[in-house]
Amino acid sequence: MNEIPHYLREGYLTVEELKKYIGLPSEERLRQRPVAVPECPQEIPCTPCKEVCPTNAVLMEHPNAVPIVDYEKCIGCSLCVQICPGLAFFMVHYIGDKARVTMPHEVLPVPEVGEEVILLNRVGEEVGTGKVVTVIPREKSKGDTPIITVEMPIELAWEVRAVKVVRE
Amino acid sequence: MRFTEHPILDFERVRGREVTIYFEGKPIKAYEGETIATALHAAGIRIFQHSTKKHRPRGLFCAIGKCSSCLMKVNGIPNVRTCITLVEEGMQIERQDEKPVLPKTSKPPKWKEPPRIEADVVVIGGGPAGMMAAINASDAGAKVVLLDENPMLGGQLVKQTHKFFGKREQFAGVRGIKIAEILSEELKKRDIEVFLETSAIMLLQDGDEKLVVGVRKNKELVEFKGKTVVVATGAMERMIPFENNDLPGVYGAGAIQTLMNTYGVKPGDRVLIVGAGNVGLILAYQLYQAGVKVEAIVEAMPKIGGYFVHAAKVRRLGIPILTRHTILRAEGKEKVERAVVAQLDENWNVVPGSEKVFEVDVIALAVGLRPSIELLHQIGCQIKYVPELGGHVVIRDSRMETTIKGIFVAGDSAEIEEATTAMLEGKIAGISAALAAGVASPGWLKEVEKTQRELEEFRSGPFGRKVLEGLKKVVVE
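Top line first, the protein sequences correspond to chains A and B. So the mapping is simple: the numbering used here equals the position in the first sequence, first residue as 1, plus 1. So the mapping is simple: the numbering used here equals the position in the second sequence, first residue as 1, plus 187.
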């Protein structure tokens, strides 16, 4: 029997697995503008990311194929993050010593621009705080999912994939 | 236990006029449009009956009218399925604690000819498969009538808050609740007659035609006569054996979705989910969205069975998934107070000393489904046991016609799969039923073939393999 990959035993990708199965954009590309990264390593019958991409940057040979993003073609428009039914697309953008991570946020409350939020890694651990810089509310989102962009220390860019909004 | 704030759903919009019902004589607030079981849950009442022999407490389990766990006495009449019966002002609800008997004052109904509804195609079941069958049979030229025993159309779509997979033309990226709305609208546009709260209790051959005997609102007999019939009766949640698995608070995953996503009632405060297939994973996310704490998901297999992306969604919200773990027992006096789980070794034996106790008031079973084939069985369709398809299923051809000419099947009642394939199968069955009824032009065969190709494409990945293996055993030409 084949070895079961870690991500299917545990339910999350490690950064090493992300590099191995998905591949990361170059530092140069990350500094140019936001770039979409699909955390979708498993073949499932699903194609909206490919269908919605305005620059055909999402490559998929057949409807069950794993999406591969051509990072050079990606213009960072976030439509794939909005539409992805698996909430598996994220965008990352490096600015100076900060990173901006764009992610879906389908839980309440939806944070406001400027609000400080608690950063959660792929297993829900609190790893720091960040500031919300953009919010696309549900009604403006192409995929009925609110998406937020959060600014954080650059070293957390590949760790943080959710936030918690704490209000008094 | 009611909640209003939700990131996706708007309950204020669906809750009807406030009414009062009475549980054991005590008044309870309820809303028109919700079921008796929902109103009782909102009032914190979980014990609906006691078993007749050992007097064990019982509560809601499936919430879609398929098990018998929620039977209660309503206005003196026993054995009422409170999970699909809507509240009415002044209703008197009682626990059913003894062998049910009809009140002495009740008389058998007077015989009269039931109303008979005639159509080309009769569709049983208003879920994704049934609605697609009805829409497409109608488009192909058939007069269609659809019946469903639930109070609303949509089947299990009405509680699916997540976005669907597949292609965009197959509703990918659209939430299940929205798909239910879209398909209901399409039914309306086509003037398809719909009978809700109507249970199909018999499926009969009547000369060259078919007769479906229905009971509306638990009382009124209605007959549906059609040249052909599409059976899209869905599936029933599975139960697994463990100590105290009958305690109130042990629910099928779908029952929790019904309470929470259809009616805005929390099932409890802390939940353990058994099963990390798509249903269990999606349920965990939905519970989090509703503000309910999920302590863990346990899965007996060594890996996550559902889509990885669904697992990743719940992991990043801090919900643990324990693979190679199973539930040993539920504990609690009259309802679930704790769950005891343990690790399994490679031979599926419990690892000594690995027991963990979770303080939970809800145990959600997401351990699979079995097709609801009762009507197909009763009329005599050939049946085969195929584990890959969820259990006993009917033999059919590639156009979803069973071994009885004119009887078609689609969706989970054909094999356990998912809503996108159910919709595609519904389309195939609906058009084929219209063709078999002799009302569709042969040109519609092209549409059937196109849909068959779409289905084939959808199933061509690793997640379709098991179903394809199973279909080899039941699809005949």
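Note that these hints are calculated values from the structure, not bench results. There may be inaccurate statements among the hints.
As the list claims (entries may be wrong) - The list that follows gives simulated cross-link-like pairs (lysine-lysine, DSS-like), each with its CA atoms no further than 27 Å apart: (1) A:K21 with B:K633; (2) A:K165 with B:K480; (3) A:K141 with B:K354; (4) A:K51 with B:K480; (5) B:K637 with A:K51; (6) B:K240 with B:K291; (7) B:K354 with B:K633; (8) B:K354 with A:K143; (9) B:K543 with B:K522; (10) B:K365 with A:K74; (11) B:K375 with B:K365; (12) B:K453 with A:K165; (13) B:K522 with B:K330; (14) B:K376 with B:K543; (15) B:K365 with A:K141; (16) B:K365 with B:K354; (17) A:K74 with A:K51; (18) B:K637 with B:K659; (19) B:K291 with B:K404; (20) A:K51 with B:K354; (21) A:K20 with B:K490; (22) A:K143 with B:K659.
To be verified - Which chain B residues stay away from chain A? Per the calculated CB distances, all over 10 Å, these: (23) Y209; (24) I264; (25) S293; (26) D326; (27) R355; (28) K404; (29) K412; (30) V496; (31) D584; (32) G630; (33) E644.
Ideal Cβ placement from N, Cα and C applies to all residues, glycine included.
Original post:
Regarding the pair K291 of chain B and K404 of chain B, is the alpha-carbon distance no greater than 27 Å?
Top reply: holds (22 Å)
Subject >> Pairwise hint evaluation, K330 of chain B against K522 of chain B, where the allowed Cα distance is 27 Å at most >> reply: Between K522 of chain B and K330 of chain B the Cα gap is close to 49 Å, so the pair fails against 27 Å, i.e. violated.
Original post:
Is the straight-line distance between the alpha-carbon of K21 of chain A and that of K633 of chain B 27 Å or less?
Top reply: Not satisfied, since the Cα-Cα distance of roughly 44 Å exceeds 27 Å.
Subject >> Whether D584 of chain B stays farther than 10 Å from all C-beta atoms of chain A, as the label says >> reply: holds (24 Å)
Original post:
Taken at face value, is the distance from the CA of K51 of chain A to the CA of K74 of chain A at most 27 Å?
Top reply: holds (13 Å)
Original post:
Holds or violated: K375 of chain B with K365 of chain B, Cα cutoff 27 Å?
Top reply: Since the Cα atoms of K375 of chain B and K365 of chain B sit roughly 15 Å apart, the hinted pair holds (cutoff 27 Å).
**OP:** Take the C-alpha atoms of K365 of chain B and K354 of chain B, compute the straight-line distance between them, and say whether it is at most 27 Å.
**Re:** With a Cα-Cα distance of about 16 Å, the restraint between K365 of chain B and K354 of chain B holds, given a limit of 27 Å.
Original post:
Checking the smallest CB distance to chain A, is S293 of chain B really beyond 10 Å?
Top reply: holds (49 Å)
Subject >> Interface exclusion of V496 of chain B relative to chain A, criterion Cβ beyond 10 Å >> reply: violated (3 Å)
Original post:
Taking C-beta pairs only, is Y209 of chain B more than 10 Å away from all of chain A?
Top reply: holds (35 Å)
Original post:
Does K480 of chain B lie within 27 Å of K165 of chain A when you go C-alpha to C-alpha?
Top reply: holds (15 Å)
Original post:
Taken at face value, is the distance from the CA of K74 of chain A to the CA of K365 of chain B at most 27 Å?
Top reply: Violated, because 33 Å separates the two Cα atoms, which is more than 27 Å.
Violated hints, in rising order: 1, 4, 10, 13, 14, 22, 27, 30, 33; the structure is consistent with all others.
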